[in-house]
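The numbers in full-length UniProt numbering rise by one with no breaks, and the one at position 18 of the sequence shown is 18.
Honestly, the hints are just simulated from the structure, not real lab data.
Glycine included, each C-beta is placed from N, C-alpha and C at the ideal position.
Don't take each hint at face value.
[To be verified] Here are the simulated distance ranges between beta carbons:
1. T20 x A46: 24 to 30 Å
2. N7 x L51: 25 to 31 Å
3. L51 x A6: 15 to 21 Å
4. A50 x N7: 15 to 21 Å
5. A46 x V21: 24 to 30 Å
6. Q53 x D27: 24 to 30 Å
7. D10 x P45: 15 to 21 Å
8. V4 x A50: 16 to 22 Å
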Amino acid sequence: MKIVSANHADSLRRPGARDTVESAVLDTVREGLLTVYGAADGDIPAELAALAQRLDRAGPSACGHA
Numbered sequence: 001m002k003i004v005s006a007n008h009a010d011s012l013r014r015p016g017a018r019d020t021v022e023s024a025v026l027d028t029v030r031e032g033l034l035t036v037y038g039a040a041d042g043d044i045p046a047e048l049a050a051l052a053q054r055l056d057r058a059g060p061s062a063c064g065h066a
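Take these sequences, add in the hints, and give me the full structure.
Below is the structure:
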């Protein structure tokens, strides 16, 4: 399950520049998710999956940064 959660967390990363504020925030959230759900036996909660999908659709411009 740790491999699945690591792969899922990696899929939350956005392609492109890694030295942006948004990337730092996403990396922090990713590490937090791995800490909490890394050893979990179940799937990631539906609320978190929906939030991740909304963040992916919104992109960096939704944060006020273009």
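Which numbered hints does this structure break?
-> 2, 6
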